[in-house]
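Top to bottom, those sequences are chains A and B. With this note's numbering applied, the first sequence corresponds to residues 83 to 304, in that order. With this note's numbering applied, the second sequence corresponds to residues 83 to 304, in that order.
Mixed in with the good hints, there may be bad ones.
Which copy? The list can't say, so a pair holds if one copy fits it or any two copies do.
Simulated pairs of lysine to any residue, SDA-like, Cα-Cα distance not exceeding 20 Å [unchecked claim]:
no., residue 1, residue 2
1, Lys-183, Arg-283
2, Lys-183, Asn-127
3, Lys-199, Tyr-186
4, Lys-196, Leu-124
5, Lys-183, Arg-119
6, Lys-270, Val-203
7, Lys-183, Asp-155
8, Lys-183, His-289
9, Lys-183, Pro-142
10, Lys-105, Leu-168
11, Lys-270, Thr-141
12, Lys-183, Pro-128
13, Lys-199, Leu-258
14, Lys-270, Val-136
15, Lys-270, Gly-130
16, Lys-297, Gln-85
17, Lys-270, Gly-221
18, Lys-112, Ile-212
19, Lys-183, Glu-131
20, Lys-196, Leu-107
21, Lys-183, Ala-125
22, Lys-183, Trp-117
None of these hints come from the bench; they were simulated from the model. Here the structure is a predicted model, which means the values were calculated and not measured.
Protein chains: 2
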Amino acid sequence: MRQLFHLAIDPGSRAVRIALAEKSLDVELKAEPVWERRQEFLALNPAGEIPVLVEEDGTPICGAATILDYLDDAYPERPLIHGDALARAEIRRLTDWFLVKFAYEVTDCLVGEKLMKRFLVGQNPSSDAIRAGLSNIHGHLTYIEWLSERRTWLGGDHLSRADVAAAAHLSAVDYLGDVPWADHPEAKEYYARLKSRPSMRSILADHVPGAPPPKHYADLDF
Amino acid sequence: MRQLFHLAIDPGSRAVRIALAEKSLDVELKAEPVWERRQEFLALNPAGEIPVLVEEDGTPICGAATILDYLDDAYPERPLIHGDALARAEIRRLTDWFLVKFAYEVTDCLVGEKLMKRFLVGQNPSSDAIRAGLSNIHGHLTYIEWLSERRTWLGGDHLSRADVAAAAHLSAVDYLGDVPWADHPEAKEYYARLKSRPSMRSILADHVPGAPPPKHYADLDF
C-alpha cells in the first residue's frame with residue numbers, strides 16, 4: 083500500500099491526509115522523526131522534510147504542495163482543483179496562502195513553537211513568536227469570513243485544495259486551543275462544515291503524547 | 083499589455099520574468115514598493131506580496147508558484163513542465179526546492195538582509211543571517227552538481243520550471259557576488275548555460291540604484 087511519512091501535528095502532512103481521504107485513496111501512515119535525519123528518509127527526500135508520499139512501486143513524492151498537485155495529476159477522479167486556468171490559479175493562490183503565508187504568520191509561531199520545538203526538539207518556545215501568532219490569526223480568520231460571505235467554499239463553488247490546506251492549518255492550531263472562534267463566528271461556521279466531513283475523522287482523532295487536545299477539538303458541535 | 087508588479091532583485095519576480103520570456107509572452111514591468119502597502123496593490127493581492135501578474139482584462143494572478151502553474155495552464159505552448167504525473171511531481175519538487183527551501187536557507191539570508199532590508203526598509207542586516215546564508219549555499223550548489231551529473235536539466239531532459247526557479251535565485255544571489263563559483267565548477271557550468279539563454283537578458287541587465295552588481299554578474303564567460 084502507499085505510505086505517507088508524516089507527523090500527526092504537522093499541517094503539511096495533515097493536508098495530504100485530508101486530500102487522500104477526499105479522493106478515497108488508502109494510505110499507511112508512518113510517523114517520521116525528522117529531527118533524527120535518518121539516512122533511509124533522506125534517501126527518499128534529500129530536503130529531510132515531511133510529508134513524503136511513497137507509491138506502491140517505491141517512488142517518493144515530496145512536499146505538501148507537490149503532493150497535492152501530484153494527486154490531481156495521477157488520480158483525476160474527485161478533483162481538488164477545478165475550472166479554467168484563472169479559476170485554478172485562484173485555488174492555487176489560496177492553497178499557497180495557507181501552506182506558506184498562514185504557516186509562516188500563524189502555525190509556525192504557535193504549533194511550531196509550542197509543540198514541535200518544545201516536545202520534539204526539547205527547546206523552549208519563544209513568547210514573542212507565540213504573541214505574534216495569536217495576533218496574526220485574527221487577520222486570517224477575517225479573510226476566511228470575507229471569502230465565506232462570497233463563495234460556497236474558499237476557492238469557489240466546489241471544495242478544493244484551498245479548503246484542504248485551510249482545514250490542515252486550522253485544525254493544527256485548534257489542537258492547541260489557539261483559534262479565537264468566539265471572535266469569528268462565520269469562520270467557525272466554515273470550519274464546522276469542514277470538520278463534519280469524513281476526510282477529517284482521522285485528523286480529529288490525532289493525539290500527541292503528553293499534549294492532549296482541548297475538549298472541543300474533536301467535537302463537531304463546538 | 084499584461085503587467086507584472088515586481089522588484090528587480092526579488093527572486094520570485096525574476097522566476098516569472100524568465101518564464102514569460104521562455105514562453106515568448108510580452109509583459110510590462112511595474113516596480114512595486116511593497117513596503118508602502120498601497121491600497122491599489124492590496125486590492126490586486128490582499129497578501130501584499132510580489133510578484134503579481136495582471137492580465138489584459140485586469141485579472142490578477144498572485145505569487146511566483148501560482149503564476150508559473152497558471153502560465154502553463156493558460157499558455158501550454160513552450161511548456162515549462164513535462165511528462166507524466168511522476169515526472170511533473172519531480173519538476174514541482176525541485177521548483178519548490180528553490181522557491182521555498184533555497185529562498186529560506188540562502189536568498190532571504192543574503193539578498194533579503196543585504197538589499198531588501200538595508201536599502202529598501204532602512205534596517206541593518208543581521209550578520210548571523212548573512213553567515214548562515216554563505217554557509218548554507220554550499221549544500222545547495224553541491225546538490226545542483228549532483229543533479230547536473232545525472233540529467234541535462236535539473237528536472238530531466240528538458241528545461242523546466244525547476245531551472246527557471248534556480249536561475250531566479252542563483253542570479254539574485256550572484257548579483258551580490260555571494261555565489262562561491264570557484265568551489266563548485268559544475269554548478270558554474272550549469273549556471274553558464276542558463277545565463278546564455280535569451281530569457282536571462284533582462285535579468286542580467288538589472289541594476290539596483292546604489293547597489294551595482296559585481297563585474298562578472300552580466301558576463302556570460304564569468
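Cross-check of the supplied hints:
1. Lys-183 x Arg-283: This pair counts as neither: shortest intra-copy Cα distance 26 Å, inter-copy 31 Å.
2. Lys-183 x Asn-127: Between copies only: 13 Å across, 23 Å inside.
3. Lys-199 x Tyr-186: both (15 Å within a copy, 18 Å between copies)
4. Lys-196 x Leu-124: Neither, since 26 Å and 32 Å both go past 20 Å.
5. Lys-183 x Arg-119: Answer is between: at 17 Å across copies they meet the 20 Å cutoff, but 26 Å inside does not.
6. Lys-270 x Val-203: neither (32 Å within a copy, 37 Å between copies)
7. Lys-183 x Asp-155: For Lys-183 and Asp-155, the Cα distance exceeds 20 Å both inside one copy (25 Å) and across copies (24 Å).
8. Lys-183 x His-289: neither (26 Å within a copy, 29 Å between copies)
9. Lys-183 x Pro-142: between (26 Å within a copy, 18 Å between copies)
10. Lys-105 x Leu-168: Close across copies (18 Å), not inside one copy (23 Å); limit 20 Å.
11. Lys-270 x Thr-141: Classified as neither; 39 Å inside a copy, 30 Å across copies.
12. Lys-183 x Pro-128: Classified as between: cross-chain Cα gap 11 Å, same-chain 24 Å, threshold 20 Å.
13. Lys-199 x Leu-258: Answer is within; shortest intra-copy Cα gap is 14 Å, inter-copy 34 Å.
14. Lys-270 x Val-136: Neither way: Lys-270 and Val-136 sit 34 Å apart in one copy and 33 Å across, limit 20 Å.
15. Lys-270 x Gly-130: neither (35 Å within a copy, 25 Å between copies)
16. Lys-297 x Gln-85: Cα proximity of Lys-297 and Gln-85: none, with 30 Å in one copy and 50 Å across.
17. Lys-270 x Gly-221: within (14 Å within a copy, 44 Å between copies)
18. Lys-112 x Ile-212: Neither way: Lys-112 and Ile-212 sit 29 Å apart in one copy and 36 Å across, limit 20 Å.
19. Lys-183 x Glu-131: Classified as both: same-chain Cα gap 18 Å, cross-chain 10 Å, threshold 20 Å.
20. Lys-196 x Leu-107: neither (32 Å within a copy, 46 Å between copies)
21. Lys-183 x Ala-125: Classified as between: cross-chain Cα gap 17 Å, same-chain 29 Å, threshold 20 Å.
22. Lys-183 x Trp-117: between (24 Å within a copy, 17 Å between copies)
Violated hints, listed in ascending order, are 1, 4, 6, 7, 8, 11, 14, 15, 16, 18 and 20; each of the other numbered hints is respected by the structure.
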